[in-house]
Structure formats: structure tokens, C-alpha cells
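Residue numbers (this note's numbering), protein chains in the order written: chain A, 1 to 383; chain Z, 384 to 655.
What the hints contain is simulated information worked out from the structure, not anything from laboratory work.
Do not rely on the hints blindly, as some may be mistaken.
Heads up, simulated DSS-like pairs for lysine-lysine below, C-alpha to C-alpha not over 30 angstroms straight-line [to be verified]: (1) Z:K527 to A:K85; (2) A:K15 to A:K156; (3) Z:K611 to A:K61.
Selected chain Z positions facing chain A (Cβ under 8 angstroms, derived; list incomplete) [to be verified]: (4) I501; (5) E532; (6) L538; (7) A539; (8) S547; (9) Y548; (10) G558; (11) E598; (12) E599.
Think of the CB as a built atom: it goes at the ideal place given N, C-alpha and C, for glycine as much as any other residue.
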Amino acid sequence: MQVLMREDFDTLIEKLQGADYEVIGPRIREGAIVLDTVDSAGDLPAGWTDEQEGGRYTLHKTDSPSLFHYTVGPASLKSFLYPSKSLLCRVYGGHNDFDVEEPEIEAPRRAFVGVRACELHAMAIQDHVFAGGRHPDPVYTARRNNIFLVAVNCSKAGNTCFCASMGTGPEATAHYDLALTEVVEDGTHYFLIDAGTKAGRSMLDELPLRPARAAEEEAGAAVVRNAAESMGRSMDTEGIEDVFFENLESPLWQEVAERCLTCANCTMACPTCFCSTVEDISTIDNDMAERWRVWDSCFTTNFSYVFGGAIRKASSSRYRHWITHKLAAWQEQFGTPGCVGCGRCITWCPVGIDITEEAAVLRRQREARQGEARYGAGTRTAY
Amino acid sequence: MHTPRKPKLAVWKFASCDGCQLSLLDCEDELLAVANTVSIAYFPEATRAVVDGPYDISLVEGSISTGEDAERIQMIRDESNLLITIGACATSGGIQGLRNFANVDQYISTVYAHPEYIHTLRNVSPISQHVFVDYEVRGCPINKYHLVEVLAAHLAGRRPNIPSYSVCVECKRRGTSCVMVAHGTPCMGPVTQAGCGAICPAYNRGCYGCYGPSEEPNTQALSAWWTKLGVEDADIARSYRSYNALSGVFRREGSRYAKKAAAGATNEERPQ
Ligand code: SF4
Ligand code: SF4
Ligand code: SF4
Ligand code: SF4
Numbered sequence: 001m002q003v004l005m006r007e008d009f010d011t012l013i014e015k016l017q018g019a020d021y022e023v024i025g026p027r028i029r030e031g032a033i034v035l036d037t038v039d040s041a042g043d044l045p046a047g048w049t050d051e052q053e054g055g056r057y058t059l060h061k062t063d064s065p066s067l068f069h070y071t072v073g074p075a076s077l078k079s080f081l082y083p084s085k086s087l088l089c090r091v092y093g094g095h096n097d098f099d100v101e102e103p104e105i106e107a108p109r110r111a112f113v114g115v116r117a118c119e120l121h122a123m124a125i126q127d128h129v130f131a132g133g134r135h136p137d138p139v140y141t142a143r144r145n146n147i148f149l150v151a152v153n154c155s156k157a158g159n160t161c162f163c164a165s166m167g168t169g170p171e172a173t174a175h176y177d178l179a180l181t182e183v184v185e186d187g188t189h190y191f192l193i194d195a196g197t198k199a200g201r202s203m204l205d206e207l208p209l210r211p212a213r214a215a216e217e218e219a220g221a222a223v224v225r226n227a228a229e230s231m232g233r234s235m236d237t238e239g240i241e242d243v244f245f246e247n248l249e250s251p252l253w254q255e256v257a258e259r260c261l262t263c264a265n266c267t268m269a270c271p272t273c274f275c276s277t278v279e280d281i282s283t284i285d286n287d288m289a290e291r292w293r294v295w296d297s298c299f300t301t302n303f304s305y306v307f308g309g310a311i312r313k314a315s316s317s318r319y320r321h322w323i324t325h326k327l328a329a330w331q332e333q334f335g336t337p338g339c340v341g342c343g344r345c346i347t348w349c350p351v352g353i354d355i356t357e358e359a360a361v362l363r364r365q366r367e368a369r370q371g372e373a374r375y376g377a378g379t380r381t382a383y
Numbered sequence: 384m385h386t387p388r389k390p391k392l393a394v395w396k397f398a399s400c401d402g403c404q405l406s407l408l409d410c411e412d413e414l415l416a417v418a419n420t421v422s423i424a425y426f427p428e429a430t431r432a433v434v435d436g437p438y439d440i441s442l443v444e445g446s447i448s449t450g451e452d453a454e455r456i457q458m459i460r461d462e463s464n465l466l467i468t469i470g471a472c473a474t475s476g477g478i479q480g481l482r483n484f485a486n487v488d489q490y491i492s493t494v495y496a497h498p499e500y501i502h503t504l505r506n507v508s509p510i511s512q513h514v515f516v517d518y519e520v521r522g523c524p525i526n527k528y529h530l531v532e533v534l535a536a537h538l539a540g541r542r543p544n545i546p547s548y549s550v551c552v553e554c555k556r557r558g559t560s561c562v563m564v565a566h567g568t569p570c571m572g573p574v575t576q577a578g579c580g581a582i583c584p585a586y587n588r589g590c591y592g593c594y595g596p597s598e599e600p601n602t603q604a605l606s607a608w609w610t611k612l613g614v615e616d617a618d619i620a621r622s623y624r625s626y627n628a629l630s631g632v633f634r635r636e637g638s639r640y641a642k643k644a645a646a647g648a649t650n651e652e653r654p655q
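Using the sequences plus the hints, can you model the full thing?
The structure is reproduced here in C-alpha cells:
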């Protein structure tokens, strides 16, 4: 482990720019920390911290000089690697005589600074979905191959975070080029820095670093421990597939449907949700048509439309589908859960519907039923 | 080669501000293509030439507010193969629909020097309450691209690519941080049909609901959350009672909260 002093942080950004990367990092825009171009460390939200709750996000300024003392905002790597709209092709000409033009895929060289552990895990899940099979997605893979990732271990966990119980954080353990731990103590401000790839190691060679002392390494470990211990929420994943598959007719679905707006914010904000739809448009004189891929959501009616109508008409069936896919069916489909515990779907749900709370209710319902089967109906618990 | 006859297009106006039909003229880039593809048979805002019906496509703007209107829309339906309503007035009554919640005679006597000259219906109504409507283009005003899209789709024999989901989908696609979550600003986006590209949240305002109810509007859940945000019952009622005050769920939710406000009910749900 080596040490990068805070006053040398700009060197990291300059070296990344020198390597021809557009540097993207956390920045404050309209009251939230989003991902945007960063020219220097001065653009980072120094001293700012966030507070998150179901349906609520607020920023506060503190006296701390720390650059990364907050958790994830609404934006994620997803919108950079898998853009919300991409043109698939353009068709010119008439009925029997036409040309198809495939647009060149834009894959800018980008370095992301301040990427969290949950985010890296979410990206790995999307890697599997988009690039893992026999037909890798050309847009995703081109963009994915052109990025450099500078992770930051979380120094605090948000109130809606539950990565510790999903095994995806708060410490970055894989998928990064460089990983940082920010330490602010006794008037010193430095970063423990470590490389995860060859590209990361050659970047280390260019930075003004010194080996870390044992006390500094311990201070870094304490930062991450503190985040793990301040996790606002948790998810019990033990036997979670049964919890869902044995609750397909739970009364909970109707109860959630009364609160759910079917607005799709949860899926749009989720860094692993990958659904899209294909839209065709044509000009009025019919001499040109375009085919677009746009983000879609299982909360829309058309998502489950087949000939004759939508399969999931009721919002209860949409919520059931979403959470069951995220936490149970994904495992069977892709070998991991579809959730990394980042808490975005909780914070950015406009009415604060909470995936951890609904999963816990389902677990209690199942346990109550099991209790009943074992000891007779007299043990019925109210839920 | 056989050139098909150009479809005849007519544009009609009822109680409205003209903004929606003007968006047709506002289609600078597409206007020429539109003119090449359809023959504009009746469009008083654009041309004095009048070609008699029947018409292949009629675009109808505005709502029905007089007895004369109610007769004229029947004539238009009879003369039109396809009738498309454009804008909030035509599809749901529009802002003038607010008068349905008040006493029209009282307004007339306050506003006009000679109330006896004014002949108006007690209630404003959307076009669909009078005749069969083939397609509705929502918005106040409409998105001009939707208008071109509906015509293009019809001429190509395909389904128009116009969303029915919530504004939130467009809001997140464009990367706006939610104003309701991040600022506590009440926003109609979750119950409003997309189509504008989520302009208002992108400029730090809550959505005003111009496009009317989305496909599954859970207005009760939204209002309950607004109450938690500290919005007064009367203001909740006002939010539903704007451009689309008369449309289905907005009308019901607006009335529910207007009653609550009138009864001075507290923030708690009253017993049925
Ligand atoms: S389901 Fe929710 S908590 Fe899990 S990864 Fe998606 S947004 Fe994050
Ligand atoms: S979920 Fe974990 S890794 Fe993600 S922001 Fe929260 S604490 Fe950090
Ligand atoms: S759970 Fe929340 S964010 Fe998701 S669709 Fe329902 S109301 Fe919207
Ligand atoms: S700002 Fe409004 S439209 Fe945008 S996501 Fe939030 S509630 Fe939906």
C-alpha cells in the first residue's frame, strides 16, 4: 500500500487527462451529487456530505476537507456504459430498395474517479448481462473497454445503503484499476492507494507516492470498518430465493401496489437494471426510418405487452416481478443476485418504498407460515 | 408509376388558445415534408383556401363550450375519416374546464357588460364526450414532434411511437436528479404521461401535469406523499385542477382534496 498526499491529488487527475481520458467524478448539480466532467480536484464536493432516506436526499456542508465523504447519488456508471438512448440504425429509401446505415459507436476514453464498491459490483453484473453471452452488446462493450476506474472505499455508509449484507462493499475488492481510501486525521489528509490492474500499476509509477506506514494502513482500515458498521439498512439473504418463490401470492403485493406509483424511478436509478425497448420512427414522407434502443422498465404497461394486451396489468404484479427478479430469479439467471445494496431504489423512489423492508416482511410471512405448519394454526402471528 | 392521392387534412378549432394548431406551423424542418405528403384542405390559421369535405384526417383543437360547438363537432366527425384531437383542451377540456367547478352565470354577469349576449353551455367538455375520437395527442401545448409522428405513423400504417408511461421515465433518462426527492418539491411527474421530455424537473420545477394522467396513475399515493411533504389540501386540489382538470383520475383526486380543504379536514384521511 502506498500514500498519495491530498496536495498531490491533482497530479492523479492531470495524469489521467494526460493519458487522454476525460475525467468523470462526483460533482454537485441541482442539490445532488451526480457524475460529471472534473477538471481538477477543486471541482469535487469537498466537505459536502449527503443524508439519504426513503424518498429523501439532502446535502450538507461540513468543515471537513474530505473529498469523498458521501455515498452514491442518483447517477451511476450505467448511464455512461449503457446510454439511456442509442441509435441502432438508420434506413434510407423506399419499400424494396433501401440502405441500412449503422451509426459509428461512440466510445469515449473516460476515467471515473470516486467509484464505489457497490458500483463496481453493479458494473460486473452488467458485464455479465451485456458482454457475457455469445452475443456481446457492441455499444456496451465498446464503451466498457475504454474506461479507467479509480475506486474510493466508502468512509461513511448511507442510511439506505446495505452493501455489507450483500457482500458488495463498502470496500472495493475487485474490478478497479486504482483504489483509494481517504484519511483525514490530526491535520493530515492523504489517500492510501493500491492498483488492481496492469493499467493501474503503470499509473502508480507516474504518481508522487511513498510507502504507507503501518499506522496509516490501520487508519485506512478503520475508515472502511466505520462505514461497514454505520450501514443504515441490511438484507437477510439466507434462503432468499425461497422467501420469494414461496410468496408469489402474498397479501404484501396488493399492499405495496397501494403505495407504488409505477413511476419506474427505482429501475431507472438501479445500476444493474438493464431492460430496454426498441422504438422505430419514420419521417412523414417515409424516406428515412430510425431504430432506437431506449431504457425501459418492468413498471410500464407496454413492457409486458404481447398480442392482445399486457400480461402484468396490475401494479402489484409489476412490483412482485421486479423485486423477485432482483433478489431471487436473477441468481438462477446470472449466478448472482441482481442487487448490490446501493440503496438508490429506496432513496429515489418518490414515495420511499424500501426493498429491504418489503423483503423482510415477506421473510416474516414465510416464517409465520412455517411456524403454523409446525405447531398448528394457534401460533398465527399478525403481520 | 401510380401516385397515390394525397390525403386531405383539415384543422379545426374550438375553445382553445391556438397554441396546438400553431405547433403544426412551428414544424419548420418538417413543414415542407408535411405539405408534400398531405393536402391541407382546411386550416384557417395557415390558409384562406377552403376545400370541401370529406377529409381523410381532421385535427381538432379545443373543447366544446357552446351549443354551436356541439353541433359543429358532429358535422366534422361526419366529414372525417380519422379524427385526432390535439392538446389538453380537446382531449380533456383544458384550462377552461375549471369553470365546471364554479358558477358560470356568476362569472358572466361579473365579466360582461351585456350578459344577455353570452350563450354558453354550463359545462365545458372534451371532444370525446361528443364524438368518437381515433387518437388523442396530449399536452398543453402538444409536442410538435408528436403531431408529425402521429401523421407519419398513420400514413405508414404503423403505431405512433408516443409514450403512455410516466414523466419520471423521461426524467431519469435525461439524467435529472428528482426534484421531489432532492428538493422536496411536489411533482406531478409520477402520475403524468410522458411526452415533454421532462422539461420542468430539468429546470428545477415540479411537473405541472400538462400531458394528463399516465397509464396507471396512483394519484392517491402521490397526494398522501405530498401531504407528508407539507402541501396543503387546497394546493393538492389545485395541482390536479389545471390543464387536465376534467380528466378521469385528476378530476376525482382534485375533487377529493377540494372537499377535504373545504371541510377544513386535517391531514388525516377522513372516514368514508
Ligand atoms: S435493487 Fe435497489 S439497492 Fe439493489 S442495486 Fe438496484 S437500486 Fe441498488
Ligand atoms: S452501498 Fe456500500 S459501497 Fe455503495 S455507497 Fe453505500 S456504503 Fe458505499
Ligand atoms: S417502487 Fe417506487 S420508484 Fe419503483 S415504481 Fe413504485 S413508486 Fe416508483
Ligand atoms: S422530478 Fe418529478 S418527473 Fe422527475 S423523477 Fe422526480 S417525480 Fe418523476
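Would you pick out the hints that fail for this structure and give their numbers low to high? Result: hint 4 breaks, nothing else.
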